[in-house]
Every structure is written in C-alpha cells, then in structure tokens.
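There are 4 protein chains.
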Amino acid sequence: MSRAPDTWILTADCPSVLGTVDAVTRFLFEQGCYVTEHHSFDDRLSGRFFIRVEFRQPDGLDEQGFRQGLAERAKAFAMNFELTAPHYRPKVVIMVSKADHCLNDLLYRQRIGQLPMDVVAVVSNHPDLKPLADWHQIPYHHFHLDPNDKPSQERQVWQVIEESGAELVILARYMQVLSPELCRKLDGKAINIHHSLLPGFKGAKPYHQAYNKGVKLVGATAHYINNDLDEGPIIAQGVEVVDHSYYPEDLIAKGRDIEGLTLARAVGYHIERRVFLNGNRTVVL
Amino acid sequence: MSRAPDTWILTADCPSVLGTVDAVTRFLFEQGCYVTEHHSFDDRLSGRFFIRVEFRQPDGLDEQGFRQGLAERAKAFAMNFELTAPHYRPKVVIMVSKADHCLNDLLYRQRIGQLPMDVVAVVSNHPDLKPLADWHQIPYHHFHLDPNDKPSQERQVWQVIEESGAELVILARYMQVLSPELCRKLDGKAINIHHSLLPGFKGAKPYHQAYNKGVKLVGATAHYINNDLDEGPIIAQGVEVVDHSYYPEDLIAKGRDIEGLTLARAVGYHIERRVFLNGNRTVVL
Amino acid sequence: MSRAPDTWILTADCPSVLGTVDAVTRFLFEQGCYVTEHHSFDDRLSGRFFIRVEFRQPDGLDEQGFRQGLAERAKAFAMNFELTAPHYRPKVVIMVSKADHCLNDLLYRQRIGQLPMDVVAVVSNHPDLKPLADWHQIPYHHFHLDPNDKPSQERQVWQVIEESGAELVILARYMQVLSPELCRKLDGKAINIHHSLLPGFKGAKPYHQAYNKGVKLVGATAHYINNDLDEGPIIAQGVEVVDHSYYPEDLIAKGRDIEGLTLARAVGYHIERRVFLNGNRTVVL
Amino acid sequence: MSRAPDTWILTADCPSVLGTVDAVTRFLFEQGCYVTEHHSFDDRLSGRFFIRVEFRQPDGLDEQGFRQGLAERAKAFAMNFELTAPHYRPKVVIMVSKADHCLNDLLYRQRIGQLPMDVVAVVSNHPDLKPLADWHQIPYHHFHLDPNDKPSQERQVWQVIEESGAELVILARYMQVLSPELCRKLDGKAINIHHSLLPGFKGAKPYHQAYNKGVKLVGATAHYINNDLDEGPIIAQGVEVVDHSYYPEDLIAKGRDIEGLTLARAVGYHIERRVFLNGNRTVVL
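Protein chains in written order, with UniProt numbering: chain A, 1 to 285; chain B, 1 to 285; chain C, 1 to 285; chain D, 1 to 285.
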C-alpha cells in the first residue's frame, strides 16, 4: 500500500468499450514503466471505465513525452487521464468554524507525514482556532461573516483559495452553508465532513436528530460538495455503536473521533488519486 | 452474561424519583434473593427510571408472595414490574414471505439453544418456506393474500397468534404492510427487521435506494412495530462496509448476514428482558 | 462485485519483472476479451507478482486456444495461470465433528446460491450431524475414529475426497488433528476455521484461553492447512467485542457467528479465485 | 452516559455474599442520595462482587460522614470502596519516547475536556516531544537513559511522579522496559498501550511480527502494567482490518489510530472509575 518514493500514479476514466485496459497498460509497457499496482473497474450500470495504476520508471520519466503520447492514445477512447508525480503534495486550504477536532487531526497527520499535503491556509468565520494554526505556522484568516452580506465573506474566502493555489479545500466542520456560486467553483475539489450517516439526518443538529430517533449507531460521512447541500458524492463513511445512555452531548463527543477518522481517510484517498466521480456516486480504487 | 439455570429476572420501570433503586434491592434482600447482576438507568431527559436485576433464590422462590409483596411496594412509585422465571421460553410466531435467511437463522438458534424460545408457528403469504419449517417440525400456515381483501388474511394471521398463545411475533422479512389495526394489537410484542439503517431508506427497496446514493455502509434495523411503519422504537442495528463494486444484488446479499445477526440480537435482548420502551426510544440494559 | 453470468476469471502469478501486466492484458485484448475488473499487485518484499482479471468474451471463448496461447506467453515469465469458467462450481467435501454452526451456515449459503459450490459429501468422526446433511440430500460419511488407529480413519476420509473429485475440503470445526501425510495431500486445497485470532491462542480450547487472559475481543481465523498445525496461510479473520460478563460458554456462543461468517468469507474468496499463496502469507485480490 | 456536574461516583468490591447490593443501595438511600446509574456484577467464577453507582446529593454531601458511615457497613463484607467527587480530575504523568501520536491525542482530549484530567508532567528518555508539551504549557522532563545505569533514570522518573502527586501514569508509547521495582510501585496506577492484540505478538516490533504471520487484522491493547511485561490486566482493545498490500510501515501507520483511540478509551474508563481488577482480568462497569 505504501508507495516507494519513486512511484507515479496514473488515473483515467472513459466510457466502457473494448480495449481500455490494454490501451493504458500497453502504453506503460512501451514507455518502460514498471507497474506495481493496477486496479481497474468497469461499471456495467453506468457504462463507465475507471483505472488507477502505480508505476515506477527507473530511468526517469519523460513527463511531457509521456503526457503527449498517452493523450494521443486516449483520444480514441474519450479518456480523461491524470498523471501524478512521485512526491506529489497538494496545496490545501482548510475551512473551520469553532470545533477543532478535525483540524487538529488533519494538522497532526500532515506534521508526521501521514497525509502528504501542504496546508497553505486555515480560513474561518471565527477567531477561535488561530492559536492551533499558529503553532503549526500556518496562516490563519478570520473573515467575519455578516449575515446580511454573506457574499463579501465568500469573496474573501475565494481569494485566499485562489491566491494560495490550493488544489483541495477541506471543510473540517465549517458550519456555514456555502452559496451555490462558491459550490460551483469548488465542484470536485472540496471535501466536507457531515456528522451523520448521510442521507440520514441531513441538515442541522444531526446528533440531536439521531438521539430523538433512538438509533443504536452514529456515523459520519465525507463527501465532495456540490450544489445540493449534504448530497454530494460520498467518499467515505464511518460508524460507532452507541446505546440509550448516550445523551446528545455524548453522541457529539463520540462523533468527534469518527468525524476525524472518516475525513482523514477521504482526504487520503483523494490525495492518493483513488477517488473517481461516477455520476452522483464515487468509485474508490 | 450466561445465566445460571436457577436465575430469575426482575425488570421494572417508573417515573424518576428518590428511592426507586432501594425499593427494589431492599425487597430482594428481604426475600433472601441473591443478586448476580443489577443494572439500572435513570433517564434525565425523559424523567424515567429503568431497572433489570438477575437473581437466585436458593431455597425456592414463593412466586405469588413475591409478586404480591413487590406490588405493594411498587404502588407508591407507580412502578410496573415483570418477574421472569428461570427457564422462561416464550412462545413465538414467525412471519415470513419468500426470503428465508432470517427464518433459517432463527430456527437454527432455537435448535441449538442459543435463543431460548418455542417457535409455535410460521405464518406466510407464500408457500415457499414450508419445507424449512417442516424439517424443524413447526406448523406452517400459508395464508394467501388477496390484494382486494387484506383484512381476511390478517384475521387468519391473528387467529394463529392468538390461539397459539404467542407472546412474541417476529417479522422475519415479512414483506407486507400490516394494517394499523393489527399493528395496534401487536404493539410492543412484535419485532421487525428492516433492511436499512433507519431512519435512512425507509419504505421499499432500501438496498436500491442505498445504491443510488452511493453509500459506503449498509445496515439493518430491528425495531418494535407500531402504527408508524418503519418508525417503531429501535432495538438493535448492524452495519457492514461496502464499496463501489457492490451492485444492488450484492448489497442485498451482503445485507442478509447483517439482517440475520441484527434480528437475532434483538430477539435475544427481548427474551432476556433487556429492552424497555422509553417513548419512541428503547433502553437496553 | 457480482459477476455477470458470462464472466471468466483469469488468475496468474510469477516472479516480479517488467512486463507482467502487459503480457496478460495484451493477450486478453488480442483474444477480443472484454475486461470488467482487473487487479494486480507486485509485492516488493517477496518479489512476486499477482494478477486477477474478470472478463467476458461475447463471441464465445475458444478455451483450448486461449490456454495454449497464454501458456506460450507465460513461459518467459515463469508464470502460473488458471482460467476459471463462467459457471464454475467446485465440488466440495466438508469435514465436521459435533458442532454444526459452520456446516449449517455453509449448506444454507450453497442452497440459496450465495456460495456457488456443490457439496458432494460431509465427512465426520461422529454420527450427530447426519440429519442436517440428509435434509440437504448430501451423502454423510461417519468414520469412527479409533485413537489407536487414526491412519485407517484418514484413509477412509481420503478415499471419499478422492473418489468424489473434490477440489476443496472445508474443515468446518473438525476437531481432530490431521496427520502430516493428509495435510500434505490437502496442501492449498483445504480451508480450516480456527476459533481464535491466530497466532494468538493456538491449540485446544482457545475460548478458555481467551477467558483466562481477559481479552476484550474474540475472533476466528480461516486459513489453508499445511504441515504446521494452526499455522497455515491466513485467508480471513473476524472479530467481535466482548466484556467481563462473558464466561467461557458465552465466548463460545459469541464465537459461533464469527466462525461461520469468517469461514464463509474465506470459502467465497477461494471459489472466486481471489486468494494467492505468497510464502506463508496470502494475497487476496 | 455524561454525568451531570453534581454527580458522585461510588465504587466497591468484595467477596461474593448475600446482601452486598442492598448494603450499598440502602446506605445511599438513607443518606438521601439520588442514584442515576447503578451497575453491579457478581462473578461466579472468581467469587467476587463489583459495583459502581453514580448519584447526586442535592443538599450537598457530608463527605466525611458518608465515608465513615459506609466504612462501618462495609466492614462486615470485607468491602473496599472508593468515593469520587463530582469534579474529579486526577493528576496524570505521561511517559513517552519519540512517537507522538498517543501524546498528541491525549493532550487534545484533555484540552477540550473529553478526558477530565490534569497532565502535570510529560517524561521522556528523548528530547523530541518537548515542543508539543510546551505548547500545552506542560512541564517536559527529558531524562537521558544510560543503558549502563537504568536505575538512575528510573529514580528521576519516580521523583517526578511522586513530587507531582500523580495518581495515574500513562505509558503513551514509552519504549523502555520498566524495572520490576518501578512496576511494583506503579501497580494498578499505570496504563500502557501495546501495539498488538495481546497476548498475540508480545515483545518488540509487533507489527513486523504481524506482517510475517500475514494477519488480516491488527490491533492494540491498553492494560495496567504489572511485573510480567505485556501481561498486565487488559482494559481495552481495538482492531482494524488490513490486507496483503500493507507493508510493515503501513501496519504501523494504521496502528497509530487504533493505539490512540484504545488508550484514550482505557484512560477514560479509569478516570470514570469503571475499571476493577479481578485477578489478572478486569471488570469494566
């Protein structure tokens, strides 16, 4: 599972048709690439093909040549592909409000190298979590949210994302609804953690909803955001057993661990290029 | 956890007030009862007290005297109680349609003594599962369901339940909606297994709903039935991890195991007198 | 995950070297095979390559030509391969003693088609489980085990296996130690379920061992048998949470579910050709 | 599960005999205490009784009178008891080496109040984790370990524990074997996290051992330390699924989450007075 330091990742997807696997593997072979892991899946319901390959090129990869060559082959299949370099570390912006359990977890995993990413900014509608960002020497932007002028705050947020060159935005318990416009801009590049097993308990106060229903399991869902709030494609879900003795505040406490773990898992999959969009579902290879 | 063969169970509940625990434990002590497990819970949100005690009475319990004596004490607390004898085996009616995984599991657990119950009848709207019941030498009643006259089939079902003296009805993937009238009659004495993590995916074809939402976990919910379909108090829930490669039929197959295990767990709790109704929630001690 | 009815499986493994993936996928393409799932793994510690491909051949596969053609390509890689036909159902012999939970579970899964196999015989050193086999119309062989002459019983067992043409032997809680000679004959084609998380609690009475150690989790391990008792390559493991209130008999009861599920999972992987031996470890694709 | 701010905890244990439950509950009633949760367990194999009660005393508890009164009643039962005040926060010393995942997790839980404890010192045989302690404003003691003179380092460690008045010592991946003498001093008041499912993979490099055995599950064990290394009474265990693609370094990474969660769970149980020693096993109420 752990990649050797010189491992590239190739991911691609296209409509289902004969020859997709061969097109990719033959090209890799011709380029002298050594495949260490290969996983492909052809979805017979959506009629779409997905592939993820890890490979090494001991002699050094001619990246430009590789891209051009593969692009030519890919054309016939209407195939999108992405080539990810060995030491890839995406720039990431994390958005938070007041709860810090997910932020603490993400920054810890960055620090020890478990999540290979560079958090270039933490953005919040509250000042509370500045000390945590400071200790990790990460710029913290507090943009006050005026309920009568949400757009101006979102413009500030977007400016940070754009200027930092962030490839991924993580909503680590950011408790504000994003505007459709910002959702559109972040389509496929922002991961949110919702504190319930979606589609159950959408919307506000899911743990209170769960308490009222008397469920015996609570969970969390990490998903890409899209226009439809709490309805974006699910990447990962986690769950824990609870019982009658858990009051709402206990469910919230229990949920913290699940939220942190589930979000970190989803971010890891994203960075390792394991996640593909397949309509409103995801394929995770 | 396993009870010695001479162990009684006392369960009770009443409004929260000072002295509830003492009222029960003092009475048990005065009667010379030896307590082996005691669990009580006072719900500060609903203001209700729940208690379950396992005990032995080596000299033999004067059951009638015990009941009368406790009834007197209980009056002041508006306390309901139930005394369950050492070798208690409730009579059970199981209702099925065509899927047999839950029935097979329940009958197996009865056979080896893991569920101490006497299945006195299997009732179905289809003839398919008769051989399985036959092999276990359990009467099988096939009552054809005429869509234009559901009440007459339900009358037949009810007659079996009543005449058999069943204390518990298990809906082991019975795929018909019960009438409000029958639900009322079965209130608190019928357990259903729903093939989703309620309240998510209520209604028909939950695994297809789950597939469409692209969830990464599927589950099952065992609950008491009440008037509101798929909304009765939850007793137990189970869950399994799935991924993109599970088509709806795979989710259904995966679900079989969870449904069987979750239903058996709920039935076990019920028979061991662990489940208390607390509004629309349950307390499981 | 569920295969379409016309899906073939190709599995292969060989020493790690450049071109292994391409050799397989190019051949499949040249034969006009449509790949639906492809998973390969190159183990950098053992230096061995493993591949499993599911594919369809709409025009009908020339099986003999396919095998010959691939054999030629495979030679250069010292690659072993196996081609499995769409409706493959291996003949299976199940060995049991007195406990029937795994047998009941396996026969149920065969009956409903969840495990595509033909159980051709049940073999036991006790007569107890004959009725269960009878009901499934499967021959039951009771071979009494004389402690002073174990070899003669093993000869009878082996005769059944051989004459039935069984490709797989399942030790479904068979409580006798097999001789090294029989182990050798069954190498790689017999799956055992051990009622602990191996390598913890090897040998007899693992649940009693677990009780004495006060563990908070119990589990089961399905593994191929080999010469070294309870040490064969692990295919699957399952686990459940327990607590102080579980006496040894409760651990045994809890264990039944895990044993059944874990064994069925391992058998399923084996039949679907997902399991590869990699020294004393397995690769499960 | 969450205690109201004015809740006391009473725990006790003694040999099994008639009247133990009544002795405790009657006393509580006579003192006007309101019981919110009561759990008792009588172990029929060890012949020992364990009880844990949460209660409120709205008029204020006469703590000294309570202790004296209960001590008198307890004498006849040879009962040990412990009374824990509402806002109890034990002083804790954490011992670490170089790995910081458990320390980071524990300090985070302290910071947000999920673990009600006061970490009064972090002690290490390495200087690496000082910045983390500094940020939480907790004194960090680096005591270099001279392999030729371990006793002198242990004396320094013990001095910190003693002078700080710590009631609990947490070995959060402290990678040195403690001397029998220090173990004896810490008996019942020090919790260690071992990175395997004990008793499997005792000793050094458990994840490498696990890799070599090809297990499909890895786990962690939190236990009290005693004389016998890696053999103290188990408080909690956690587990995660792994597969063939996990190299030893991946098992180590996967293990971090389990270790943190399992250790935090055990520490929480200890602080909430849920854990009782029962020979070499624990009872967790």
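Misleading hints may appear alongside valid ones.
Stated by the list, open to error - Derived pair list, reagent style BS3-like, types lysine-lysine, alpha-carbon separation capped at 25 Å: (1) Lys189(D) - Lys213(C); (2) Lys150(D) - Lys185(D); (3) Lys202(A) - Lys205(B); (4) Lys185(D) - Lys91(D); (5) Lys91(A) - Lys185(D); (6) Lys202(A) - Lys202(B); (7) Lys213(C) - Lys205(D); (8) Lys254(B) - Lys254(C); (9) Lys150(A) - Lys75(A); (10) Lys75(B) - Lys185(A).
Note that these hints are calculated values from the structure, not bench results.
Each hint, compared with the structure:
no.	hint	result
1	Lys189(D) - Lys213(C)	20 Å, holds
2	Lys150(D) - Lys185(D)	16 Å, holds
3	Lys202(A) - Lys205(B)	20 Å, holds
4	Lys185(D) - Lys91(D)	17 Å, holds
5	Lys91(A) - Lys185(D)	50 Å, violated
6	Lys202(A) - Lys202(B)	15 Å, holds
7	Lys213(C) - Lys205(D)	21 Å, holds
8	Lys254(B) - Lys254(C)	20 Å, holds
9	Lys150(A) - Lys75(A)	43 Å, violated
10	Lys75(B) - Lys185(A)	66 Å, violated
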